[in-house]
Structures are given as C-alpha cells and as structure tokens.
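A.B. asks: Sequence:
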Amino acid sequence: MRKVTIITGHYGSGKSNISTNLAMEAAAQGKKVTVVDLDIVNPYFRTADFAKMFSENGIELITPSYANTNLDIPALNFDIERIANSDGYLIVDVGGDDDGAIALGRFSAALNAFGDDLDMFYVINRYRYLTKEPSEAVELMYNIEKAARIKHTGIINNSNLGCDTDAETVLSSLTYAEEIANSVNLPIVFSTVPNRVELSDDRFKGIEVYVKPFWER
Numbered sequence: 023m024r025k026v027t028i029i030t031g032h033y034g035s036g037k038s039n040i041s042t043n044l045a046m047e048a049a050a051q052g053k054k055v056t057v058v059d060l061d062i063v064n065p066y067f068r069t070a071d072f073a074k075m076f077s078e079n080g081i082e083l084i085t086p087s088y089a090n091t092n093l094d095i096p097a098l099n100f101d102i103e104r105i106a107n108s109d110g111y112l113i114v115d116v117g118g119d120d121d122g123a124i125a126l127g128r129f130s131a132a133l134n135a136f137g138d139d140l141d142m143f144y145v146i147n148r149y150r151y152l153t154k155e156p157s158e159a160v161e162l163m164y165n166i167e168k169a170a171r172i173k174h175t176g177i178i179n180n181s182n183l184g185c186d187t188d189a190e191t192v193l194s195s196l197t198y199a200e201e202i203a204n205s206v207n208l209p210i211v212f213s214t215v216p217n218r219v220e221l222s223d224d225r226f227k228g229i230e231v232y233v234k235p236f237w238e239r
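So the mapping is simple: the numbering used here equals the position in the sequence shown, first residue as 1, plus 22.
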C-alpha cells in the first residue's frame with residue numbers, strides 16, 4: 023500500500039466499499055489510516071456512513087461539511103496536502119464519474135507531488151448500465167483523469183450484482199477487465215469476490231460487503 027491511494031469509478035461501481043475494505047485491512051495490520059470522503063455527488067452511498075465503525079478500528083475519517091442536511095452543498099474545508107503528509111496512509115474515496123472527480127482536481131497539484139508514492143485505482147463493474155462495454159469504461163476513465171488532473175495507476179475489477187453475485191458473476195467478468203486493462207496499459211490490481219461467495223481462485227481478492235442499498239440491509 024502506498025502513502026496515498028485514490029479510488030475512482032462509475033456511479034455504483036463499488037468505490038466506497040473498496041475504500042472501506044482497504045482502510046479496514048490496513049488498520050487490521052496496525053497501520054495508521056485516514057480516509058477522506060470526497061463523494062459530494064451521491065450522499066446515499068458514502069464512506070462517511072461508516073464513521074462509527076472507522077472510529078472503533080482507529081481509522082480517522084474526514085468528510086465535507088454540510089450546513090444542515092446531507093443534501094446541502096458541501097464545503098471542502100480541509101487541507102488534503104497536510105493530511106497526506108502526516109503519519110500513516112491516506113485513502114481518498116472520490117465521487118462517481120468525472121463529475122465526482124472535479125472535487126479531486128482541486129487537490130491535484132498537492133497529490134501529484136507524491137509521485138511514485140501515490141496510486142489512483144479505477145474501479146470497474148461490468149454490470150453497471152453505462153460501462154457494460156469495455157470501450158465505455160475506458161472513455162469514462164479518461165474523463166475522470168481529465169477532471170481530476172491525475173493519472174490512474176491500476177484497475178480494480180469489482181464486477182458484481184449486489185446480493186445476487188455468485189461465482190459465475192465474477193468469473194465471467196475477467197475477460198471484460200482484461201480488455202480494459204490492456205486497452206489503457208494498466209495492471210489489474212485485483213478482482214473482487216464477496217467473502218460470502220465460495221470461490222477458490224487466486225485471481226480474486228475476498229472482500230466484505232459493507233456498502234449495501236437499503237433493500238439489502
């Protein structure tokens with residue numbers, strides 16, 4: 023894990039769940055972790071919803087300030103450069119698509135200064151309606167980079183169908199992920215499978231499903 027890890031992707035690709043898993047895994051290894059929730063686009067699925075769990079596991083959570091409710095326009099009143107330069111590791115959970123990456127672009131100069139100590143991972147989900155085709159996912163990835171003014175360093179294949187995800191769901195996504203990775207000349211960091219799914223395959227990383235729509239909770 024590098025000093026700074028940024029997580030981007032399409033709406034509903036599972037960015038917040040990936041960010042939460044990475045933070046919990048690092049904390050379990052005794053690492054000091056800070057999560058910055060930059061998802062100012064979709065207030066319904068955010069790492070901020072796990073503040074209590076993060077606190078119990080020694081993870082610091084920094085979120086935009088909302089004046090009254092979670093639907094107000096947020097203020098990014100924090101110094102991400104100072105946070106990144108403090109002890110430990112920083113995980114940045116970015117809002118969906120290039121719209122969400124605009125907020126990240128405000129901090130691009132400070133973050134790009136970390137050079138090889140920064141990763142920006144693009145989360146893909148074959149089953150999301152606007153990125154079903156590899157070409158669509160590639161186009162969106164470049165749009166995010168343009169808005170963020172930061173280049174991606176890897177792909178995370180998080181293809182899933184929520185509670186309907188099974189072994190076939192994830193296995194059938196590998197070709198899709200490989201086509202995207204080859205097209206943009208980036209490595210697949212890992213492909214995910216929910217821990218509840220029985221699958222013995224070294225190509226997959228087991229993850230917990232923390233972020234769920236209300237009908238699955």
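Note that these hints are calculated values from the structure, not bench results. Among these hints, one or two may not hold up.
FRET-style restraints, in silico, Cβ to Cβ [said to hold, decoys possible]:
hint, residue 1, residue 2, range
1, E47, K154, 23 to 31 Å
2, E201, R24, 25 to 33 Å
3, E220, R128, 22 to 30 Å
4, E158, K54, 35 to 43 Å
5, E78, N134, 19 to 27 Å
6, N207, D101, 27 to 35 Å
7, M23, K173, 27 to 35 Å
8, S205, E78, 13 to 21 Å
9, N165, A131, 34 to 42 Å
10, E155, A132, 19 to 27 Å
11, S222, D138, 31 to 39 Å
12, L183, N204, 39 to 47 Å
13, S108, K74, 37 to 45 Å
Calculated pairs, SDA-like style, for lysine to any residue (alpha carbon to alpha carbon, straight line, at most 25 Å) [to be verified]:
hint, residue 1, residue 2
14, K227, K168
15, K173, A73
16, K74, Y232
17, K173, V206
18, K53, I124
19, K154, Y164
20, K168, R218
21, K234, G184
22, K168, D188
23, K54, I84
24, K25, G137
25, K25, D120
26, K168, I105
27, K25, G184
28, K173, L152
29, K53, K168
30, K54, Y164
31, K154, D188
32, K54, D186
33, K173, P216
34, K25, E155
35, K25, G176
36, K227, I124
37, K53, Y33
38, K227, A48
39, K54, D120
40, K227, D141
Values in this document were obtained by computation on a predicted structure and should not be read as measured data. Built from N, CA and C at the ideal position, the CB exists for glycine as well.
A.B. asks: With reference to the structure, classify each hint as holding or not holding.
C.D. replies: Hint-by-hint comparison with the structure:
1. E47 to K154: 23 to 31 Å: 29 Å Cβ-Cβ, so the 23 to 31 Å window holds.
2. E201 to R24: 25 to 33 Å: holds (26 Å)
3. E220 to R128: 22 to 30 Å: Given range 22 to 30 Å: violated, Cβ gap about 43 Å.
4. E158 to K54: 35 to 43 Å: This hint holds: roughly 38 Å between Cβ atoms.
5. E78 to N134: 19 to 27 Å: The hint (19 to 27 Å, Cβ to Cβ) is violated, given that E78 and N134 are roughly 33 Å apart.
6. N207 to D101: 27 to 35 Å: Between N207 and D101, where Cβ atoms are some 34 Å apart, the hint holds.
7. M23 to K173: 27 to 35 Å: With Cβ atoms ~19 Å apart, the hint is violated.
8. S205 to E78: 13 to 21 Å: Since S205 and E78 have Cβ atoms about 41 Å apart, the given range 13 to 21 Å is violated.
9. N165 to A131: 34 to 42 Å: Distance hint for N165, A131 is violated at roughly 20 Å.
10. E155 to A132: 19 to 27 Å: violated (35 Å)
11. S222 to D138: 31 to 39 Å: holds (34 Å)
12. L183 to N204: 39 to 47 Å: violated (24 Å)
13. S108 to K74: 37 to 45 Å: Given about 23 Å between the Cβ atoms, the range is violated.
14. K227 to K168: Between K227 and K168 the Cα gap is close to 29 Å, so the pair fails against 25 Å, i.e. violated.
15. K173 to A73: violated (29 Å)
16. K74 to Y232: holds (13 Å)
17. K173 to V206: Between K173 and V206 the Cα gap is close to 11 Å, so the pair holds against 25 Å.
18. K53 to I124: Violated, at about 29 Å.
19. K154 to Y164: holds (16 Å)
20. K168 to R218: violated (37 Å)
21. K234 to G184: Holds. K234 to G184 sits at ~8 Å (cutoff 25 Å).
22. K168 to D188: Violated, at about 35 Å.
23. K54 to I84: Since the Cα atoms of K54 and I84 sit roughly 14 Å apart, the hinted pair holds (cutoff 25 Å).
24. K25 to G137: holds (10 Å)
25. K25 to D120: holds (24 Å)
26. K168 to I105: holds (24 Å)
27. K25 to G184: Cα-Cα ~30 Å, so violated.
28. K173 to L152: holds (21 Å)
29. K53 to K168: Between K53 and K168 the Cα gap is close to 32 Å, so the pair fails against 25 Å, i.e. violated.
30. K54 to Y164: Distance of about 31 Å is beyond 25 Å: violated.
31. K154 to D188: holds (18 Å)
32. K54 to D186: Violated - the C-alpha atoms of D186 and K54 are around 34 Å apart, more than 25 Å.
33. K173 to P216: Cα-Cα ~28 Å, so violated.
34. K25 to E155: violated (32 Å)
35. K25 to G176: Distance ~15 Å between K25 and G176 Cα, so the pair holds.
36. K227 to I124: violated (30 Å)
37. K53 to Y33: violated (29 Å)
38. K227 to A48: holds (15 Å)
39. K54 to D120: violated (29 Å)
40. K227 to D141: holds (18 Å)
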